[in-house]
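> Using the sequences and the hints, build the whole thing.
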Amino acid sequence: SVVYVATSFFAGGADCEAHPKSDECKQGAVELAFWRALFQGASQSVAWLLALSFGSSSDLRGRRPFFRAKAVISVAPIAALALHLYAGATLWVYFVVSMIYEAFDINGVFLAFMSDVISEPHERSSGYAALLIGVVLGFLPVLPLGGFLSAKAAVVVGLLAAFVKLAYMYTIFPESVPVGYQDLSPRDVAGRVVQEVNPFRTMQQAAAVFGRHSFISRMAAVLVLSGFSTAGLATVATPIATGYLGMEKKESTRLLLACGSSVLLAMAFLLRPLTSRFGDVNALRFCLTLAVLYPLFFAACTEIWHVMVLSFVMVGPLVLQFPIVSAIKTNLVAADEQGLVQGALAATRVAAVAVADMFFGWFFRVVTDHGK
1 SVVYVATSFF AGGADCEAHP KSDECKQGAV ELAFWRALFQ GASQSVAWLL ALSFGSSSDL
61 RGRRPFFRAK AVISVAPIAA LALHLYAGAT LWVYFVVSMI YEAFDINGVF LAFMSDVISE
121 PHERSSGYAA LLIGVVLGFL PVLPLGGFLS AKAAVVVGLL AAFVKLAYMY TIFPESVPVG
181 YQDLSPRDVA GRVVQEVNPF RTMQQAAAVF GRHSFISRMA AVLVLSGFST AGLATVATPI
241 ATGYLGMEKK ESTRLLLACG SSVLLAMAFL LRPLTSRFGD VNALRFCLTL AVLYPLFFAA
301 CTEIWHVMVL SFVMVGPLVL QFPIVSAIKT NLVAADEQGL VQGALAATRV AAVAVADMFF
361 GWFFRVVTDH GK
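Residues in the sequence shown are numbered consecutively from 1, following the numbering used here.
Careful: at least some of the hints might be erroneous.
Only pairs whose alpha carbons sit at most 20 angstroms apart, straight line, appear in this in silico SDA-like list of lysine to any residue [claimed, not checked]: (1) 165 <-> 138; (2) 249 <-> 85; (3) 250 <-> 153; (4) 70 <-> 96; (5) 21 <-> 253; (6) 152 <-> 93; (7) 249 <-> 312.
Derived Cβ-Cβ restraints for the label pairs, each shown as a range [claimed, not checked]: (8) 15 <-> 292: 35 to 41 angstroms; (9) 68 <-> 92: 24 to 30 angstroms; (10) 119 <-> 157: 34 to 40 angstroms; (11) 313 <-> 119: 32 to 38 angstroms.
Hints in this document: simulated from the structure, not taken from any laboratory.
Keep in mind the model is a prediction, meaning the values are calculated, not measured.
Idealized CB from N, CA, C, for every residue including glycine.
Structure below.
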């Protein structure tokens, strides 16, 4: 619903949920891509430094405080959208609040959390796959509901879900850093625990780790390039599907169902045989090859059903790169450097995404002549 609400906003109030292929909505889709990319690029420009600091800081303070803070901030964008739909507030508030939410990047903390929970390195790719399967299984049943609910009803459901998540984080969600984790905390020359994490000091530590492990440096290069291409595709795919192919809300729901089913099948039946037979690195090469082919095939699609078939066939195997990359990253260093390295690698990817968001948003606007 958010895509159609935002497209209608940039289309001057036209009903882009009912008529996504109209001239106004086509231009609105391009403007949405431009402004959303601009805001995302701005947020990612801050997020890379926060990701680096949070990852290292979580080694000292634990992982749970960062998850709780993220849950609190996640309520704000949904509340801003509700104000737009119910009180007529400008949607610019939603974009600004979303920018702040996206800037609070805890991906490095999450990866460090997963490495805490799954202690056996050879089990980590399967562990990430199991997590994604759980997410998809929870995601698929509500998709049909989202396709039929109005935007106003959907935002109420979203607010309720955000508050449930908030309650979960403050009541049940566990701390994963082992008892005695202070022994792994950064110390000064006198052996005293350093209580504050200096971002610039953290950058120096991360650079030292990158220089010590050539494989980590190569992994960072992979994350930069894959992050750049993924962000570019994400920026232009939605306006192409809605504004140029005319994908309506119910068709978007069916597309998400196709993508979710593809991911579920790939995680359940393809990931383990692929990594067991060829290893994590070769499996990643296969996924990155698909990452090159998918945008080429997507650009050739002229009908909505083309996109659905393509997504069902390729999205699942393509998404396998995320658990594989996560498993590789968590196996690179010992437990006392997990937060530092995961934060550094997350920051590297986020910096690439920041550049990609702004570039592709501007480039798409130029080559389409503002959607004309």
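> Each hint: holds or not?
We went through each hint and held it up to the structure:
1. Annotation: proposed proximity of residue 165 to residue 138 holds, straight-line Cα distance about 14 angstroms (limit 20 angstroms).
2. For the hint pairing residue 249 with residue 85, the CA-to-CA distance comes to about 17 angstroms; that is within 20 angstroms, so the pair holds.
3. A threshold of 20 angstroms between alpha carbons decides the hint, and for residue 250 with residue 153 the separation of about 16 angstroms falls inside it, so the pair holds.
4. Our distance criterion of 20 angstroms between C-alpha atoms is met by residue 70 and residue 96, whose separation comes to about 16 angstroms.
5. In summary, the hint linking residue 21 to residue 253 is supported, as the alpha carbons are separated by about 17 angstroms, within the 20 angstroms threshold.
6. For the suggested pair residue 152 and residue 93, the alpha carbons sit about 17 angstroms apart, so the restraint of at most 20 angstroms is met.
7. Under the criterion of a C-alpha separation no larger than 20 angstroms, the hint pairing residue 249 with residue 312 is consistent with the structure, at around 18 angstroms.
8. For the hinted restraint 35 to 41 angstroms between residue 15 and residue 292, the CB-CB distance of approximately 37 angstroms keeps it satisfied.
9. Remark: the range hint 24 to 30 angstroms for residue 68 to residue 92 is upheld by a beta-carbon distance near 28 angstroms.
10. At roughly 37 angstroms, the beta-carbon separation of residue 119 and residue 157 lies within the given 34 to 40 angstroms, and the hint holds.
11. Take residue 313 and residue 119: their Cβ atoms lie about 36 angstroms apart, and the range 32 to 38 angstroms holds.
Taken one by one, the earlier hints all hold for this structure without exception.
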